[in-house]
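Each position in the sequence shown, counted from 1, maps to that position plus 4 in the working numbering.
Derived PhoX-like pairs: lysine-lysine, alpha-carbon spacing no greater than 25 Å straight-line:
hint: 1; residue 1: K35; residue 2: K25
hint: 2; residue 1: K45; residue 2: K25
hint: 3; residue 1: K45; residue 2: K26
hint: 4; residue 1: K25; residue 2: K40
hint: 5; residue 1: K12; residue 2: K39
hint: 6; residue 1: K25; residue 2: K6
hint: 7; residue 1: K40; residue 2: K12
hint: 8; residue 1: K35; residue 2: K18
hint: 9; residue 1: K12; residue 2: K35
hint: 10; residue 1: K40; residue 2: K26
hint: 11; residue 1: K18; residue 2: K45
hint: 12; residue 1: K26; residue 2: K6
hint: 13; residue 1: K7; residue 2: K18
hint: 14; residue 1: K25; residue 2: K7
hint: 15; residue 1: K25; residue 2: K39
hint: 16; residue 1: K12; residue 2: K25
hint: 17; residue 1: K12; residue 2: K45
Label pairs and their in silico Cβ distance ranges:
hint: 18; residue 1: Y47; residue 2: W27; range: 21 to 29 Å
hint: 19; residue 1: S43; residue 2: M5; range: 35 to 43 Å
hint: 20; residue 1: K12; residue 2: Y47; range: 14 to 22 Å
hint: 21; residue 1: M5; residue 2: N46; range: 40 to 48 Å
hint: 22; residue 1: E20; residue 2: Y47; range: 18 to 26 Å
hint: 23; residue 1: K7; residue 2: K45; range: 24 to 32 Å
hint: 24; residue 1: P8; residue 2: D30; range: 15 to 23 Å
hint: 25; residue 1: F11; residue 2: K45; range: 16 to 24 Å
hint: 26; residue 1: N46; residue 2: K7; range: 29 to 37 Å
hint: 27; residue 1: Y47; residue 2: K6; range: 31 to 39 Å
hint: 28; residue 1: K7; residue 2: Y47; range: 32 to 40 Å
hint: 29; residue 1: T22; residue 2: F44; range: 14 to 22 Å
hint: 30; residue 1: Y47; residue 2: F11; range: 19 to 27 Å
hint: 31; residue 1: M5; residue 2: F44; range: 33 to 41 Å
The hints are simulated quantities; they were obtained by calculation from the structure and are not laboratory data.
Virtual Cβ for every residue (Gly too), placed ideally from N, Cα, C.
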Amino acid sequence: MKKPLPFKICLVCKREFTWRKKWERDWQNVKYCSKKCRSFKNYFIH
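Could you put together the complete structure from these sequences and hints?
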């Protein structure tokens with residue numbers, strides 16, 4: 005049985021997103037679920 009993947013909450017859209025293989029080395033620094041959210045980071049963070 006597989007372990008559940010870790011998840012985080014996007015700082016912009018507040019949605020849950022799960023760990024991806026491409027983020028393996030940098031998971032600690034991942035804050036946004038997508039490029040779109042990352043581009044809007046200055047507009048929505050309170």
